[in-house]
Structure formats: C-alpha cells, structure tokens
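> Note that the protein sequences, when read in sequence, are chains A and B. The first sequence lines up with residues 1 to 372 when you count with the working numbering. The second sequence lines up with residues 1 to 372 when you count with the working numbering.
Check each hint, because a few of them may be wrong.
As the list claims (entries may be wrong) - As a list, the in silico DSSO-like pairs of lysine-lysine whose alpha-carbon atoms are at most 30 Å apart:
(1) B:LYS322 with A:LYS230
(2) A:LYS322 with B:LYS277
(3) A:LYS318 with B:LYS322
It should be emphasised that the hints constitute simulated quantities derived from the structure, not laboratory data.
There are 2 protein chains.
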Amino acid sequence: MDAERITEQVQPVRADRLRAFCQRVFETLNVPAEDAAITADVLVAANLRGVDSHGVARLRRYVNGLRDGMMVAKPKVQVVCETPTTATIDAGAGLGQPVSYRAMQRAIQKARDLGSGFVTVRNSNHYGIAGYYAMMALEHDCIGISMTNADVLVVPTFGRNAVLGTNPIAVAAPASQERPFVLDMATSTVPRGKLEVYQRLGKPMPLGWATDETGTPTTDAGLVLENFKKRAGGGLLPLGGAGELMGGHKGYGLALLVDVLCAVLSGAAYADLVYPKTPDGKPLPSNIGHFFGVWRVDAFRPVEEFKAAMDDLQRRLKNSPKAEGQPRIYIHGEKEYEEAERRSREGIVLEPKVVADLRAIAVELGVEYDLE
Amino acid sequence: MDAERITEQVQPVRADRLRAFCQRVFETLNVPAEDAAITADVLVAANLRGVDSHGVARLRRYVNGLRDGMMVAKPKVQVVCETPTTATIDAGAGLGQPVSYRAMQRAIQKARDLGSGFVTVRNSNHYGIAGYYAMMALEHDCIGISMTNADVLVVPTFGRNAVLGTNPIAVAAPASQERPFVLDMATSTVPRGKLEVYQRLGKPMPLGWATDETGTPTTDAGLVLENFKKRAGGGLLPLGGAGELMGGHKGYGLALLVDVLCAVLSGAAYADLVYPKTPDGKPLPSNIGHFFGVWRVDAFRPVEEFKAAMDDLQRRLKNSPKAEGQPRIYIHGEKEYEEAERRSREGIVLEPKVVADLRAIAVELGVEYDLE
Chain A
1 MDAERITEQV
11 QPVRADRLRA
21 FCQRVFETLN
31 VPAEDAAITA
41 DVLVAANLRG
51 VDSHGVARLR
61 RYVNGLRDGM
71 MVAKPKVQVV
81 CETPTTATID
91 AGAGLGQPVS
101 YRAMQRAIQK
111 ARDLGSGFVT
121 VRNSNHYGIA
131 GYYAMMALEH
141 DCIGISMTNA
151 DVLVVPTFGR
161 NAVLGTNPIA
171 VAAPASQERP
181 FVLDMATSTV
191 PRGKLEVYQR
201 LGKPMPLGWA
211 TDETGTPTTD
221 AGLVLENFKK
231 RAGGGLLPLG
241 GAGELMGGHK
251 GYGLALLVDV
261 LCAVLSGAAY
271 ADLVYPKTPD
281 GKPLPSNIGH
291 FFGVWRVDAF
301 RPVEEFKAAM
311 DDLQRRLKNS
321 PKAEGQPRIY
331 IHGEKEYEEA
341 ERRSREGIVL
351 EPKVVADLRA
361 IAVELGVEYD
371 LE
Chain B
1 MDAERITEQV
11 QPVRADRLRA
21 FCQRVFETLN
31 VPAEDAAITA
41 DVLVAANLRG
51 VDSHGVARLR
61 RYVNGLRDGM
71 MVAKPKVQVV
81 CETPTTATID
91 AGAGLGQPVS
101 YRAMQRAIQK
111 ARDLGSGFVT
121 VRNSNHYGIA
131 GYYAMMALEH
141 DCIGISMTNA
151 DVLVVPTFGR
161 NAVLGTNPIA
171 VAAPASQERP
181 FVLDMATSTV
191 PRGKLEVYQR
201 LGKPMPLGWA
211 TDETGTPTTD
221 AGLVLENFKK
231 RAGGGLLPLG
241 GAGELMGGHK
251 GYGLALLVDV
261 LCAVLSGAAY
271 ADLVYPKTPD
281 GKPLPSNIGH
291 FFGVWRVDAF
301 RPVEEFKAAM
311 DDLQRRLKNS
321 PKAEGQPRIY
331 IHGEKEYEEA
341 ERRSREGIVL
351 EPKVVADLRA
361 IAVELGVEYD
371 LE
C-alpha cells in the first residue's frame with residue numbers, strides 16, 4: 001500500500017495538464033481566462049526549468065491571496081505615465097503575472113518602434129520567475145531585462161535587520177547556434193528555500209549565507225528561519241556575504257538598485273514597506289514593483305553579427321580549461337534549458353507535499369483534479 | 001633631508017592643479033584640448049573620490065599608449081548605427097574618456113527627447129571610473145548607467161583560466177536631501193590592486209578572492225600575480241567566489257552580462273580577445289567596449305516624488321539597526337562623496353611612487369611640473 005502510494009506520488013505530470021489545472025483554479029477564483037492562462041504558464045514554466053520553488057508549489061499562496069482579497073482577481077489596471085519609450089502601470093493589486101506579461105509586451109513594442117522600451121509596474125504582487133519576462137524578448141531578436149522587488153529577507157551590509165528583498169535580476173540575450181544567455185539571479189547569496197533544505201537535513205549551512213538576530217553570520221539555518229517568523233532580526237546576506245571583505249556591499253548595492261528601478265521609479269513600496277501591515281499586525285495588500293526593459297539588437301548592430309558573436313563568446317568560455325576536478329563550464333540558462341527539455345519530454349515530478357496541496361485546492365474549490 | 005623629502009612627497013595637491021597638469025600632458029601628446037580636458041577630469045575625479053587606482057596613477061599607461069601608437073590621439077570617431085533611442089559609436093582606437101563622455105551626452109539627449117537613451121562604444125580604450133559617466137545623468141534628473149569590459153583577469157565559475165575582465169557596472173540615481181545613489185562595482189570579488197596590497201604586506205589573502213593555476217582557491221596573492229605575468233592560469237574570482245556555493249556563478253553571470261552589453265552589442269572585442277597580440281606576442285591596439293544608458297525619471301514618475309522616495313529609502317536603510325559592533329550602514333556613493341568633499345578642501349595626497357612617475361612624465365615630455 002505504502003509503496004503504491006509513493007509510486008503514485010512520484011508519477012511525473014505533463015506540463016500541459018498542470019497548466020490546465022492551474023488555469024481552472026484561477027478561473028474558478030474569478031480570474032479572467034487570459035490572465036489565468038498567463039499565470040498558469042508562468043508557474044509551470046518555473047517547474048519546467050527546474051525552479052520548483054517558484055512553480056505550482058506557490059499556487060496555494062495565490063489561491064489564499066485571491067480568496068482573502070489581498071490579490072484582486074479582476075483588477076483595474078491603468079497606465080499612469082507614458083512616453084514613446086517608457087510607461088508606468090498600476091496593477092490594481094492584481095496577480096503579478098498578467099500585468100507583467102503585458103508590461104513586457106508593451107516594452108517590446110516600444111523597442112520595435114524606437115530601439116528600446118522600459119515599463120515599470122506598481123501596486124502588483126509576486127510575479128513568479130523573473131527570467132520568464134526577460135525571455136519574452138528573445139523571439140523578437142531583442143535583449144530583455146526583468147526585475148522585481150520582493151518580501152523583506154535580506155540585511156544590508158553592516159545591518160542587523162532584513163530591510164531588502166532577494167530582489168532578482170534577469171537578463172536574456174539571443175544567440176544563433178548556442179542557446180540564449182539567460183541570467184536569472186536573486187541578489188542574495190542564497191534564497192530562503194536553501195535554508196529550509198539545510199534545516200530539514202539538520203546540517204550547518206556555510207557562513208556567509210545568513211546572520212542571526214545580532215547581525216552576526218551563523219551556520220544555524222533553523223535559527224534564522226525562526227527569527228524570520230518572530231521578526232527577531234537577522235536574515236539572508238546579500239551576494240558577497242557579510243561585511244565588505246568578500247564584496248557583500250556589492251550584492252547589497254544590486255538589491256538596492258532593484259528597489260530603486262522597480263519601486264522608487266514606479267511608485268511601488270520599497271524596503272520594509274513592501275508587505276505592509278495594519279497597526280495591529282494584520283496584513284494589507286502588498287505593493288510590489290517590477291521593472292521591464294527591452295533593447296532591439298539591430299538598433300545597435302546587425303542581428304546576425306550579434307548572434308555569431310554570442311555563439312563565439314559562449315564557446316570561448318565553455319571550451320576554456322576547467323578547474324581541477326570540474327568537468328564543465330556553464331553559460332547562464334544552459335542548465336535550465338536542458339532541464340526544460342527533459343521535463344517537457346518526461347514530465348514534471350512534484351514533491352508529495354505539493355501534490356497534496358494541489359489536491360486540497362481542487363477539493364476546496366470544486367475543481368476537477370486530473371494530475372494522477 | 002629624508003624627513004624633508006617625505007614631507008614634500010605627502011604634500012596634498014589641489015585637484016585643479018592636477019587636472020591642469022594632466023591636460024598639458026595630453027595636449028603635448030597631440031590630444032585635442034577638449035579631449036585632454038575631459039580625460040584629465042575623469043582621472044582626477046577618481047582621485048577625488050578616493051579611487052586612486054583609477055586616478056593619475058594611470059597617467060603613465062595613457063602616455064605610453066599614445067606614444068607607442070596603441071592609442072590614437074586624434075581618432076576618427078564614427079557613429080556606425082543610430083535609432084531615436086540608441087547608437088553605436090566606433091571610437092577609432094582613441095582614448096576611452098572623451099568618446100565615453102560624448103556617448104553619455106548623446107544618451108542623455110535621447111532620454112531628454114524620448115524618455116530613454118542607450119549608446120554603446122567599440123574600438124575604445126580604458127575609460128577610467130565607470131561611475132563618472134553614470135553620474136553625468138544626475139544633473140538632468142535622470143538615472144545613468146555605465147559599464148565597460150576590461151583586461152582579462154577573472155576566471156569563470158569552474159574554469160581554470162581568466163577569460164573575463166573585472167567588468168564594472170555603475171548606476172547613479174538622484175535624490176533630494178540625501179546624496180545620489182551611486183553604485184560603482186567591479187563584478188569580481190576584488191580588483192587586482194587588492195592582491196598587490198596583500199603581496200606587499202606578505203599577508204595571506206582570504207580564500208575566495210582568487211585561484212591558483214589549477215583553478216583552486218589560494219591565499220597566496222604573490223602566486224596569482226606571478227601567474228598573471230606568466231599567463232600560467234588562475235585569476236581573480238567573480239563576486240561570490242569559487243564554485244556555486246556562495247553564488248560565484250552570479251558574479252560570473254554579471255561579468256558575462258557586461259561583456260554582452262559592452263562588446264557583443266557594440267562589435268567590440270570580448271572575453272580573451274580584449275587585449276589582442278600578434279602571433280609573436282606583440283601587443284595590438286585593444287578593442288574595448290562600453291555601454292551607456294539613461295532613463296529620464298519623469299518618463300516614469302514626477303521627479304519630486306521619485307526624489308522624496310529616494311530620500312526615504314536611504315533613511316530607512318541608514319536608520320535601521322546595526323549589526324553588533326558596526327556603527328554605520330552606508331548607501332552606495334556615500335563614502336566617495338564624503339572623500340571628494342574632503343579632498344576638494346584639503347587636496348589629494350599622492351603616493352610617492354605616483355609623484356615620481358608624474359615628475360618623470362613631465363621631464364620626458366618637457367611639460368611644466370608645478371605639483372609640489
């Protein structure tokens with residue numbers, strides 16, 4: 001019986017089925033069909049690319065957000081400022097994915113017309129993987145950029161409390177024979193999920209990932225996670241770790257840059273204001289900001305020349321001698337493309353607790369469940 | 001006598017005198033007056049901001065470059081591609097500073113007209129501090145960005161040889177009561193100069209700054225510097241250090257991004273092609289690339305709102321609790337602004353070997369020397 005259940009749980013799910021399920025869930029929660037399809041696609045794209053932390057494991061949060069009114073199913077989306085190459089959009093507290101998809105489309109159109117286009121979004125929610133939107137530029141022979149601010153988890157250099165998010169930066173650039181370059185990185189050394197893994201394993205984590213409540217680096221992942229819950233201080237360290245010795249001030253600067261471009265420029269909330277609460281501690285709708293940008297390659301150089309040079313650059317890196325004991329040098333995005341090809345073919349294996357969660361959502365909402 | 005000489009050597013130099021001296025040097029080497037003034041200003045700005053490694057200590061390299069024909073004093077600068085919001089400029093192997101100054105001016109003009117502007121430069125040389133050009137946007141109430149690729153010193157994650165430069169990224173954004181945010185960071189953990197300091201002191205450097213010729217992290221700064229000379233392998237590590245454990249692949253990705261935007265997009269040399277040599281090892285003119293960008297703040301949001309939010313964001317960070325033993329949290333650019341104010345007032349103290357070098361240049365070129 002147990003063996004059967006385990007087999008059942010690790011049965012891979014086809015991406016299209018997972019997408020259709022998520023779409024039904026969103027539609028049941030009054031999200032318009034097109035918005036539901038976009039959001040489902042962004043979630044499943046994360047699973048396909050191997051970024052399971054940002055995939056359907058997050059569906060529960062969106063379901064809860066839509067149910068308790070923290071996220072608006074049919075938001076009033078408004079362009080609040082526009083020039084030939086820029087725009088700022090108010091997302092009306094709706095889901096982050098549909099507004100981000102359309103913001104990126106708008107940036108692409110501006111770049112097609114005039115060479116470059118940039119759109120910021122305010123009053124939004126978690127938008128999934130940053131890379132999804134950057135990659136939308138690729139089929140137009142454009143370079144895409146996507147950033148978002150996020151829940152406060154990261155301590156500034158020399159600080160004791162988390163005041164910034166893991167604020168990711170994604171950039172995608174096309175190539176010819178080689179795969180596109182797709183950088184998609186949080187500006188913290190590691191995401192919170194990495195600490196959860198070390199806590200589960202009961203393993204000390206490396207010094208330089210996070211600090212305790214005094215602002216001192218610690219190896220105790222459980223302590224840091226507990227401190228997050230209690231808002232006791234400490235948090236994740238920016239890329240480069242604690243202090244300035246290993247460049248932690250640079251990771252801190254990148255996180256701050258993301259807050260400037262996503263939130264200060266758009267009019268969204270920044271720093272510790274991102275997830276506001278009432279005076280008695282009840283959560284209020286978040287006001288996350290995003291930043292999207294597009295450069296048309298042939299506004300600088302003929303596309304074929306650019307792509308040939310992208311191929312050559314990648315090959316120079318990949319074919320250069322390896323460090324002792326290392327079989328391979330990667331280009332950013334390469335691992336994810338390989339994983340997406342494999343998972344498109346073989347299906348997506350979800351963790352048992354994610355499967356249980358999806359099943360529970362189906363029951364709660366009376367949505368057909370056909371993933372097993 | 002010795003005491004007197006030391007006193008003489010640490011005598012601070014006024015910025016305007018240093019600037020005038022550099023300008024005379026460049027003009028003597030047939031650089032047009034305006035180009036000489038721009039280049040001198042960029043060099044002395046580095047000294048004022050406390051970035052002495054990029055200040056007049058580099059004058060010797062420019063002098064040698066101009067004398068031996070590796071840098072062209074009166075280059076043929078050409079706009080090779082242009083759209084309403086973008087341009088690519090061929091610098092004609094001239095000094096990096098004048099073409100970069102004018103490229104940034106052009107990007108600012110495009111942003112003033114249409115909201116954003118981006119200019120790449122190819123066939124250029126070392127352009128000094130990246131932040132100088134980003135900061136040019138500030139007085140126009142714009143956000144400025146500046147990047148350059150650079151001499152090959154950085155090993156990719158899992159690589160054995162240096163294939164990328166320290167490829168800096170600079171971004172400047174205006175504020176109101178607070179100082180502007182000015183991020184200006186190499187994408188390596190530390191610059192080569194840091195290793196030279198540790199070598200002089202005979203101190204082991206932290207693991208995670210650089211690797212030996214097998215690609216293994218080392219604490220021996222002298223070994224790494226020696227390996228650079230012998231082209232024996234190893235080099236500086238990207239921000240985040242060796243491997244992926246502390247995020248080294250992110251620093252590597254940022255360095256690669258800079259190569260894509262500065263060189264692949266402009267048609268400049270990238271990776272290990274930046275400083276080419278003849279088959280028998282003689283240096284050829286370098287073909288460095290730069291990338292400049294400008295966003296007009298009010299193309300997204302009213303300037304006063306943006307600046308007020310910049311002030312508030314900075315204060316939230318600076319006023320947040322400090323890590324144990326830390327007196328202060330900094331905003332990027334703050335240290336440099338404070339240093340520039342102090343040095344503008346008190347003068348610039350040059351290292352004795354830099355003073356000796358400037359004196360020697362004056363003698364060689366028959367230029368008046370009035371810095372002591």
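> Work down the list of hints and note, for each, if the structure agrees.
A quick look at each hint next to the structure:
The suggested pairing of LYS322 (chain B) with LYS230 (chain A) holds, with an alpha-carbon distance near 18 Å, which does not exceed 30 Å. For the given pair, LYS322 (chain A) sits about 23 Å from LYS277 (chain B) by alpha-carbon distance, which is consistent with the 30 Å threshold. For the given pair, LYS318 (chain A) sits about 42 Å from LYS322 (chain B) by alpha-carbon distance, which is inconsistent with the 30 Å threshold.
Consistency note: the structure conflicts with earlier hint 3 alone.
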